[in-house]
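Now for the letters of each chain:
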Amino acid sequence: MTTASEHARPALAPAGSWRLPLGSARSGRSLLLDKRACVANLLLAAALWAACVASLCLGEVSITPRAAIAGLFGYGDFMDVFVVQELRWTRLLAGVLSGGAFALAGCLMQTLARNRLATPGIIGLDNGATAFAVASVLGVGLGIAPPAMALVGASVATAIAFGLAGGIGTQGYRFLVAGIGVGAAFDAITRLMLARSAIDAANAAYPWTVGSLNGVGALALNMLAIGLVIGLIGAAALARALGVVRFSEGVAQGLGIRVAHIRLGALVLSVGLTALAVAVAGPVGLIALIGPELARHLSSRRGVPLMGATLAGALLMVVADLAGRVLFSPIEIPVGLISTVVGAPVLLWILLRPGHKIGV
Amino acid sequence: MNGRPRIAAGAPQRRVRLWFALLCAATLLVCVASLLFGAGAIGPLDSLDTLIRALSGHTSDDNAWFTIESLRAPRTAIGVLVGAALAVAGALLQAVTRNPLAEPGLLGVSGGATFAVAIAIALGADAASLRVPVAQFGALAGCVAVLAASRVRGAGDDPVRLVLAGAVLSGLLYALTSLILLFDERTADEIRFWVVGSFAGRRPDDVIALLPGLAVAAVVVVGIARPLAALALGEHVASGLGHRPRLVRLLVVLAVALLVGSATAIAGPIAFIGLVAPFVARGLAGPDVRTTLWLCLPIGAVLTLGADVVSRLVVRPSELPLGVLTALIGAPVLVAVVRSRRLPTL
Amino acid sequence: MSFFYGRRRTPGLIVALALLLLAGTAHAARTLDTAYGDVEIDGTPERVVTLYEGALDSAVALGTTPLAAVATRGGDSVANYMHDHVPDIAIVGTARETNIEAVVAQRPDVILASSNLSEPQYRLLSKIAPTVVPKGSSFAADAWQNETRLFARALGREDKAEQLIEAFDARAEHIRAQLPAHTEAAVARWMPQGPIVMSSRIFAGRVLSAAGFETGNDGKIAANRPHSDPLSLENLDRIDSDWLFLATLNADGESALAKARTSPAFERLDVVQRDQVVPVDGQLWTSASGPLAANAILDDIARALGIAAQP
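Residue numbers (full-length UniProt numbering), protein chains in the order written: chain U, 1 to 360; chain A, 1 to 346; chain B, 1 to 311.
Think of the hints as simulated: they come from the structure by calculation, not from any bench. Values in this document were obtained by computation on a predicted structure and should not be read as measured data. Treat each hint with caution, since some may be false.
Far from chain A, by Cβ distances over 10 Å, these chain B residues were calculated [stated by the list, open to error]: (1) V86; (2) N146; (3) R176; (4) E234.
Quick look at which bits of chain U chain A covers, simulated, 3 or more residues with Cβ under 8 Å [to be verified]: (5) 55 to 68; (6) 337 to 350.
From the three backbone atoms N, C-alpha and C, an ideal C-beta is built for every residue, glycine too.
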């Protein structure tokens with residue numbers, strides 16, 4: 001192989017890719033960029049930018065894009081500055097970060113389980129994180145902050161779901177149904193806690209049960225931002241290996257990839273990202289399914305569209321939140337309900353499309 | 001468990017009868033417990049005393065007798081009826097989709113009933129009067145959706161894929177229900193305590209309102225048990241034996257809609273009974289749907305009424321939502337079913 | 001609203017006139033002691049937004065017309081009894097969630113909120129306008145009186161608040177004098193699977209005990225749960241008392257009572273046998289608070305018991 005590439009220098013990129021030389025030409029290091037994936041990511045980024053501007057402008061008070069941008073930096077009318085800086089910017093940030101985190105986590109888990117339906121929400125992680133976070137809000141949880149409790153909950157749910165699925169492997173759908181069972185149990189516990197608490201405390205815990213970006217805490221948001229950066233770096237590091245692992249473990253082992261390490265890494269990232277995102281936005285699990293789906297449709301089938309999925313998830317979350325705020329104003333529809341109403345038909349279509357495999 | 005269901009059951013017949021008798025005795029026991037225990041001040045000993053005196057003809061109008069006769073007796077009857085109905089509905093649905101995971105709650109049949117009731121109340125219907133037919137209609141719609149999904153090539157062959165589709169459909173229906181509640185505070189208030197499931201405060205009239213639907217369903221079930229068992233051997237075999245698979249499926253959908261609609265109308269959505277009861281029944285007597293159906297009657301009743309008795313005792317002087325309790329029982333069983341080494345296709 | 005002036009009509013009027021003069025000469029800056037520390041308010045606020053039913057009630061009773069308020073529990077506008085006072089008030093949220101953008105859009109001078117406003121919400125709102133959050137729990141003994149005093153200070157109408165409270169005390173005293181000793185009362189909402197019993201520490205309970213009723217049901221329902229779970233029907237005798245006020249949020253009271261009477265357990269209660277169940281407006285009895293609500297509840301009580309409402 002080495003000799004082949006020596007002869008081919010200056011190397012030609014495979015069809016449909018760009019080759020970016022890294023460092024000096026002599027070092028021979030280069031980066032292959034998939035053309036279609038690049039275009040797709042640019043498209044998604046542009047759409048996300050447009051959605052973000054719209055999200056800053058629209059709402060109970062409409063603001064022109066120019067005033068919104070000015071307001072973001074503290075110029076202009078007091079009301080515009082306040083609405084943009086204090087309300088919409090935090091909310092937008094929460095939407096972008098949580099949407100990105102949900103979708104990245106979903107994409108990682110789908111790849112790891114080689115199943116397009118294997119998203120954290122479906123196997124009960126969201127419900128586990130929610131149950132623990134609600135326990136924290138209602139004061140059952142020793143006063144630990146909701147994000148930390150969500151992390152614990154997601155880990156517990158994962159451990160149970162994967163532990164139960166251990167005997168049957170991660171392939172096929174059985175472990176998904178085991179996850180549905182785990183999710184149902186955690187959901188029952190959440191409802192039980194809400195039914196047993198005073199009405200004001202139950203109202204405080206309400207956003208946790210439907211998924212809402214209203215009233216996001218600064219701590220949870222900061223933790224999510226850090227988590228997403230770590231997640232993206234980790235995902236970038238894992239991307240190549242995951243791309244091989246998803247085809248065949250045998251080939252991956254042949255190439256010297258330590259499959260077990262890769263899978264564990266992807267799982268840990270996925271669980272962590274989901275938990276942090278739940279701590280900010282509540283259970284909005286379907287984003288984890290639709291985001292990667294959208295990214296996969298836009299980009300080529302060659303790689304694992306981790307970046308594309310992150311962008312798509314952020315886009316979907318921002319758009320869903322914007323729709324929930326604007327459509328029936330002044331009543332606000334929680335983003336969790338919107339994403340279920342839109343996402344469930346997509347999911348059904350994936351499941352029931354005749355004659356299609358559901359592998360990644 | 002033998003994967004091939006037997007049309008002619010021979011030797012195990014006696015064992016099945018024994019189990020059936022034992023389970024009926026257990027049902028009776030739970031019924032007595034349901035009459036004896038409650039969230040109120042009338043303890044089990046007082047209740048027993050009153051009950052024995054009543055049996056020997058000495059009824060009185062004191063509090064103990066009132067509690068037993070007017071409060072605990074109707075909910076006992078409802079518990080038995082709802083439990084048996086949900087269990088049989090589960091067994092039917094599992095037989096016709098040939099899928100051991102097909103459960104009315106998981107597959108969106110209960111979700112359809114809940115959604116229909118929410119719409120009816122939002123449109124101004126009084127919660128009490130319209131509920132039964134509306135819930136049955138909603139359950140019918142959910143049922144048709146499930147069956148349509150199971151007929152899609154690919155999804156129908158794969159038991160777990162159907163359940164996933166059902167779970168998604170349920171999620172969608174509950175999200176739509178939540179949307180209605182978000183826009184209509186009056187509906188939200190009326191329905192808030194109904195969606196968690198409960199048997200409390202139902203009157204004898206409410207029970208009587210259920211009976212026509214349940215009776216029709218019972219007749220249908222008796223009629224289709226044999227063709228359904230034949231259908232388990234495959235469509236060709238069933239046709240060869242002179243049954244009409246399409247008609248059988250249609251009747252099953254009707255029966256399930258009647259059963260689940262009635263149960264949901266009076267008790268709210270109660271999950272997992274339709275999964276757990278047939279699972280236990282098959283474990284005891286093998287996969288033949290005719291025996292499963294019989295055994296489901298007492299098993300469903302014991303499970304549901306037992307859960308109700310527990311729900312009264314845990315958080316006295318209030319009561320626990322029943323749907324939560326059945327979900328806590330049912331989720332582990334669901335996991336156990338999928339974990340069983342070879343998922344039997346029925 | 002003549003009853004607000006009560007017995008001491010003449011001195012009250014003089015004080016009010018003096019107050020008006022004072023208010024005319026620009027109210028002095030004042031410091032309010034609120035749950036989130038001292039809040040400075042200067043002058044007489046004109047654009048008032050209330051995020052709490054008690055605040056809306058107090059503000060209206062004190063003679064201001066708020067621009068916006070939150071919807072009552074279980075409704076999509078302000079409570080029925082407030083409707084005629086503020087026919088075209090803007091709605092900026094529900095009891096569950098405040099729409100802060102809608103609050104900003106009103107450009108308020110002052111925001112009056114409830115004592116359980118969360119700190120993050122407070123921090124946001126206080127950037128829009130001085131936000132007044134009462135100290136202490138809304139279940140405390142003198143909660144509504146203290147809240148009214150605080151809101152009155154915020155609005156620059158302290159003396160009017162004292163008049164309102166004195167007038168209420170006088171009316172309550174008048175009803176108490178006509179009531180037989182040791183008369184018990186309970187407040188509940190009817191649900192088919194059992195009633196939701198209201199703690200005696202919620203607003204309506206406080207008004208009832210001010211009017212001379214014994215409302216000690218704290219032993220019957222758990223502490224810090226002002227709105228209890230549906231009580232098991234087997235324990236229905238816990239709401240048995242001399243008078244039962246049956247609240248309903250939606251249907252009209254009579255039909256709610258008719259529905260409750262179809263339950264044999266309810267029918268057995270002594271209070272039902274004696275026909276002393278009074279259907280009342282749940283928005284007023286189980287959600288509202290403030291001087292107007294207090295007087296409206298006194299009206300309901302007087303009407304039910306067939307006694308004179310005014311001294």
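Right, here's what the structure says about each hint:
1. V86: With a cut-off of 10 Å, B:V86 remains clear of chain A, as the shortest Cβ separation is near 19 Å.
2. N146: At roughly 29 Å from the nearest Cβ of chain A, B:N146 sits farther out than 10 Å, so the non-interface label holds.
3. R176: B:R176 is indeed farther than 10 Å from all Cβ atoms of chain A, at 31 Å.
4. E234: B:E234 is in fact no farther than 10 Å from some Cβ atom of chain A, at 3 Å.
5. 55 to 68: Violated, because only 0 residues of the region 55 to 68 of chain U bring their Cβ atoms closer than 8 Å to Cβ atoms of chain A.
6. 337 to 350: With 7 residues closer than 8 Å to chain A, the region 337 to 350 of chain U meets the three-residue bar; holds.
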